[in-house]
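Taking the hints into account, I'd like the entire structure generated from these sequences.
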Amino acid sequence: MDLYGREFLETIVPFLTAYYALACAANLGAVVYCARRKRFFWTCVWLGVAVGFAVLAGRSWLGQPLMLSEAMKHSIDNWMSPASVMVGFFIFLVVVYLGRAFFVRPAVAWTGLNAALLFFGASLADPHFARIVAKPDNVPIVAMVFLLGFFTWLGTAQAVQNDRRLAGGLPPREKEFCDKVLAWPDVVYLELIGLVVATTVLIVWSLLLRAPLQGPADPALTPNPSKAPWYFVGLQEMLVYFDPWLSGVTLPVLIVLGLMAIPYLDFSPKGSGYYTIRQRRFAYLTFQFGFLQLWILLILIGTFMRGPNWGFFGLYEARDPDTVVTLHNIKLSEYFWTVLLGRDLPQVAAGSGVLGELAVILWREVAGLVLVVLYFVVLPIVLAKTVFRRFYRQMGKGRYTIMVLLFLMMIMLPVKMILHWTLHLSYIVSIPEYLLNF
Amino acid sequence: MRPSERTHHNVKRLRAVFAVSTLVLLAVTVWMLAADHRREWKDYQRTYRDRVESPGRPLEIEQINLSELTVDYHFCRVARADRCTTCHQGVAVGGPDAAGQPRWPQPWMSHPRLDLYVGPNSPHPMADFGCTICHDGQGSATEFRFASHSPNDMRQRSDWRKRHGWFRNDDWDYPMLARRFAQSRCLQCHADVTDLEPSRRFPDPPAPKLLAGYHLVRQHGCFGCHEIKGVAASGERLGPDMRLEPNCGAAALQLAATESSLTERQRTLARRIAGRPDDPALRRRLVESIDAEELRSRLSPRGMALVDYLSAEAEAPGTMRKVGPSLRDVAARLDRRFLVSWIGEPVGFRPETRMPRLFGLDEHLEGPARERASRLEAVEVEALAEFLLDASQPVKLEAGWPGQSAAVARNVTEPPSAERGRRLLLTQGCLACHKHDDYPQATGTQGPDLSRLGAKYASDRAARWLADWLRDPARHAPRTRMPNSLLEPTALARGANESGPSKMFDPVADLVAYLLGSAGPPAEASHEPSEANLDELILAHLSKRYSREQAEEILRRGLSPEEGEAVLDDRRELIGPMSRKKKLRYLGRRTIAKRGCYGCHDIPGFELSRPIGPALSDWGRKGPTLLAFGRIEELLAEDGTADRAETDPDVGFYHDAIHGRRREGFVWQKLRAPRSFDYGQAREKGFNEWLRMGRFTLSPDEREAVATFVLGLVAGPPASKYVYQPGAAGRAIVEGRKVLDRYACAECHVLEMDRWQFEYDPDRFESPRPGDEFVFLQPQFSREQLKASMQTDLRGFAHAEVAGMPRLAPDGRPAVFEGDEEDTEGEPLPMHAFSLWQPATIAGQPWTVGGADVLLYDYQIRKQYAPWGGAAARLLYPAALADARASGVNLFDQQAWGRLPPPLVGQGAKVRPDWLADFLVDPQPIRPAAMLRMPKYTLSTDEVGKLIRFFAARSRVRLPYTRLGAAGVSPVLPNRHGQDARGTPGENSGATRRFDQAMRLITDRKMFCAKCHVIGDYRPGGTATKMAPDLENVGRRLRGEYVRRWLAHPRATLPYTPMPVNFPPSGDPLGQDLLPGSSTQQIEAVVELLIGYDDYLRSRTSTRKRIEETDHK
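Chain order of the listed sequences is Y and H. Using the working numbering, the first residue of the first sequence is number -4, and each one after it goes up by one. Using the working numbering, the first residue of the second sequence is number -3, and each one after it goes up by one.
Treat the hints as calculated values from the structure; they're not laboratory data. Where hints are given, some of them may not hold.
To be verified - Derived coverage of chain H by chain Y (criterion: at least 3 residues anywhere in the stretch with Cβ under 8 angstroms from a Cβ of chain Y; other residues may be distant):
hint	region
1	22 to 31
2	67 to 79
3	163 to 171
4	616 to 630
5	651 to 657
Unchecked claim - Here are the simulated lysine-lysine pairs, DSS-like style, with alpha carbons at most 30 angstroms apart:
hint	chain 1	residue 1	chain 2	residue 2
6	H	Lys618	Y	Lys170
7	Y	Lys33	H	Lys8
8	H	Lys8	Y	Lys130
9	H	Lys618	Y	Lys222
10	Y	Lys68	Y	Lys170
Built from N, CA and C at the ideal position, the CB exists for glycine as well.
Below is the structure:
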């Protein structure tokens, strides 16, 4: 893909034209929808948006697609870092959560979709962005972003509605309307339509995009960057913060075990069969944070922003393998002994036995070990007495312990990330002698 | 309505959506099937079949299965399946261009070299070789864009993108080679490279660009820094092998020069090794003698290392010599001022020098970095000069050299004359290898340009050194390829009315006077580098090992002797106390080590150093991610290359290759501006870590040729049955060519004659009168061959090819005559006369050598293949002609060739290999009239053998040679004559009488041999320029069969010879009073005498009689 600017433009222009035309058509649909319901204000608004997209389509057709200004791209690239993206997304989630009643309104959501389409379209005119987004491997991830946005919106909208109904003493929407659905024609038609549409999409996809096959694997040459399959890219991102045995083995196993354990930990009947937020606040927030922030966002970062040498690149930056970023990695033991106490790290004396060596190592890592014990032993007790008092009472000792350990394990990831960005902390407990880095 | 009765959806709408989506699916399915059905190759096949073949053959994917020519998928090797012919339908068909019509366009075009490739009779038939083994690319693809075609320039690229949706597929490891590099891949099977030179079978050069690259690499000595190893550890041949020869010679010299404990005998032995470094026996003797006298313990550590090196035996050692001159005795000839200016900028003195520019390449540097470079590089240059002069080993000048005794030197009566020297430069053949501004027509590139030599060798000592060098170069540099020209004091040609003792002049003195006479502007004085810069550079070197404080301490005080004992490397120079000289010496050493000067030059103290550059053995497959492109694109945008890429197709191609991070672009930029990949990184890297490759003076075409060669180095030959494995004769030719190239033999000698192809109207072509000829001289053409020569093409023209030499005008260019035919304006049409050196069939008639010249109008000539070699002979031709005429010999034009280096066509069938071996090692004059002698080369036994096998293979004669078998005539042997040749010859024996008669004929000075030929101590009258070779040596030199053909018809063997026909094939035989018999019988007798001349003389001398006579006295 060594396209020149002109060649790139030639390639992207037909796609952008179709893209804006589709956006225009979607807004025309919204126009029809609103006109039918006699909402003249919104009819005019969407008509204006549709015209806007039509103009963009026309401009693309003429070879002058909408582009972000270089200054804008630069500022976006400069702003982007793992920390800013993670924190920014977290703030976004919080804002959306707090203002969910506002955000689930269709007009707001549609405005958001239009804004996203515009931003995406304008970004596509940038070769670096287009290259990473249009890579056949990554196209499903782009689709995932839009689909995930839609379904999250849908679920939240229903949950907000139900919360309102429940507050008003009505049963949830699902309970009131949906106790019976006809198999024929409703479900069968729907399923058939789903089947046909999915087949069509797959065929068109396969015709338009080349299969993302690469060259024969070369044992002497590792691709740079080497990326996991998209669904594991999130795990790969964790490798930046943890030792491989932890982020590659232990944490995935715990994630699976934790998901399996949910039915046995969570026995509340509330929210069964309908969407609600207010009744299941802890479950909802934990899931959304764990899924959107710690899983999906990490996949997006790994897919779109990690480049050669696993460096972090802005959306519009060239993926230059020669870009070198200085890394500082400091262990907690170094902070403790060198920075805090101003002494050298305890050294294992030559000729000391296994036990002697172990003692020195443990002494060296004493600060980290204490922290770990505090986090996994003391903190659950404190939580049981304070925030999680109700859970502790309801779940009993055993289930509470499992729940809280899993919860703490999940929270450990963002905590470690923040420590890494702010303090350049590599490991809390580092015992390379036994491949134990934590 | 109760909730349970409500359906959620409008069924009508559902049906409509279902119907629409089903229709869309149907449409998409049709699209899919159509896309799969309408493949572009079908259109191509259909068009081809409609236009060329009769239509009707079903369309199909055609595939060549090559189970042994595998593709390397890293984990396994997979059989190759080439489907290229699916679209390239006409590739194996001669096509319309054979009939002079325009070619088919792609993809139907026929292969441009069907004689070499694809054609069933070519060496690479398509069914056996397929396409992608040479072209690379994805052979199993059936679409243009997936076949990994590679555009040759930007226009093709944009064209392909538009027409075929082309894209660069980085995921295929073997993208097709752009057309400009197509020849690269020859190397994977033709590891010897010289087998790709034009040959008789393939006179059109098979791979000219690749060969040009090979010779450039060979001459510029790229292998001095970059190992090009073509032999695997297992002994398997991987590719061209151009490794440097083991440095044993230099190691032995260094040992002799630095180790005082060696005995005089060992020193002599070491000097002999220097001349014969490839002889393991000599090395063994030296090492054994050192061990025997238990000297090892008394050697320095470096001396020990040298002895270890000499005792190691390489499995398959390299064979290339270092290309630069030896600097072991540089102080004897060069002064500091010249050295500094030369090292700093070689092209300043010699614009076409092969020495790369190593300093001042700072176009890619900016601001402080550039300033730093110029400061520190000036120090490096100065230090280099200081070290070279200081380390230079003493030489003895004007010491006795073979043949130049003081008495001979006293014989010289004339003072040196630059005027004579100027002419000697031409007539002694110097211009075969060297250029000089005074002779712009000379093109030799083997040696350096000799203009302005006076500026280089400015001192008296240097002049003496030059004279000594001219007398015997090998004495000063045992591995030089410059021969000993055997220049001896010569008598001045005397005017008609001069008398008295002949005036003697020394050609060496004349040459020196001439060469040093032209100096040009002297080298500029250099600025002494300041102490601060010196210290800065030393600190930069020391910082690799020491902390800043330690380094500064060393700089102040030097290393203590105790510390110095421990170090073995360059730091030994820093053993205290410090001085400016020590600093310079240290820096000189460091600089040589850093810049790798010893890759080309023999420098004392660097005998065991390793090449500094990365190996190139498999560079053609090096992963592009391993190439450090750095920020080169920014530089190209800045310096305007990117703009030129728009207009210049070549620059566009390479710029694109750099843009796409491909090898082609890297090597191009590396050769153009070797250090530019440092752009923007000079600050991060230390001065000593900057790139250090020098810039060679290469033209863009030459750079592309070098790139073609380097890209062909893949070190991955295919299955051995595909690798070119010539037979014994082919191998002899390939190996011999390398020796010929090494010593530039083809500069003087023609090794392959001119070949002209022409077309003619067979009805109007005049054939020669069939002359009488001996049976054994008549050309052997079959009836079919003669008939074939009558065949005409569609236009009614017949075609023929002749090999030989065009008649030359006195200026050395092919002579042009006015023919009988006239053009439309009544002007006579120009024509050439062509002397045959090989029999030919033209218009159904056999044409013999030595007969009439073939007269050809210019318009008839279709193709002229230049001869291989002889450039210097042609350069000398006018001078030889003028000389001869000036000395009163009236020569026909062609006969001047007899005074020049002889063409060596058919040499193998002419001379005896044992004589040739002696001659190559110690050439003796043969033709008294020749203008210059064959110089004396330092050939190894191996090289002599290769040359002999080369000539034998070229002449298709067998080795080893036996007089009886190969000669075809009966030499004087006892079993033939029934008598002992050493015994008393029977006076009545018929054979002996025959010899006596033949001897009478030979010694007849009125009509026969003795008229012109020297015979033993007899000299015919007149000057040397009129004399013919000594007949006494004929038996030792020539093969009998050759002598017979020669005597029968000299011009049938050597068309330019002035020797007359003495034994006419028809009519009355001459000289019946001397040697009765028919001409054939006479020839037989003379041949037997000449071949058995020594035996005959012996039979005529009775030792017994002499003893008896002595007794009587």
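Results of checking the hints against the structure:
1. For the region 22 to 31 of chain H, the stated coverage by chain Y is satisfied: 5 residues place a CB nearer than 8 angstroms to a CB of that chain, which reaches the threshold of 3.
2. For the region 67 to 79 of chain H, the stated coverage by chain Y holds: 3 residues have a C-beta nearer than 8 angstroms to a C-beta of that chain, and at least 3 were required.
3. Counting residues of the region 163 to 171 of chain H whose beta-carbon sits less than 8 angstroms from any beta-carbon of chain Y gives 6, enough to reach three: the coverage restraint holds.
4. Restraint check on the region 616 to 630 of chain H versus chain Y: 6 residues with Cβ-Cβ distances below 8 angstroms, three needed, restraint holds.
5. With 4 residues having a Cβ less than 8 angstroms from any Cβ of chain Y, the region 651 to 657 of chain H passes the three-residue criterion, so the hint holds.
6. For a cut-off of 30 angstroms, the pair hint linking H/Lys618 to Y/Lys170 is broken: about 67 angstroms separates their Cα positions.
7. Taken as a hint, the Y/Lys33 and H/Lys8 pair is honoured in the structure, with Cα atoms around 24 angstroms apart against an allowance of 30 angstroms.
8. Between H/Lys8 and Y/Lys130 the CA atoms are separated by roughly 40 angstroms; this puts the pair beyond 30 angstroms, and the hint is violated.
9. Simply put, H/Lys618 and Y/Lys222 have alpha-carbon atoms about 23 angstroms apart, close enough for the 30 angstroms limit, and the pair holds.
10. With a CA separation close to 49 angstroms, the supplied pair Y/Lys68 and Y/Lys170 exceeds the 30 angstroms bound.
Consistency note: the structure conflicts with the earlier hints numbered 6, 8, 10.
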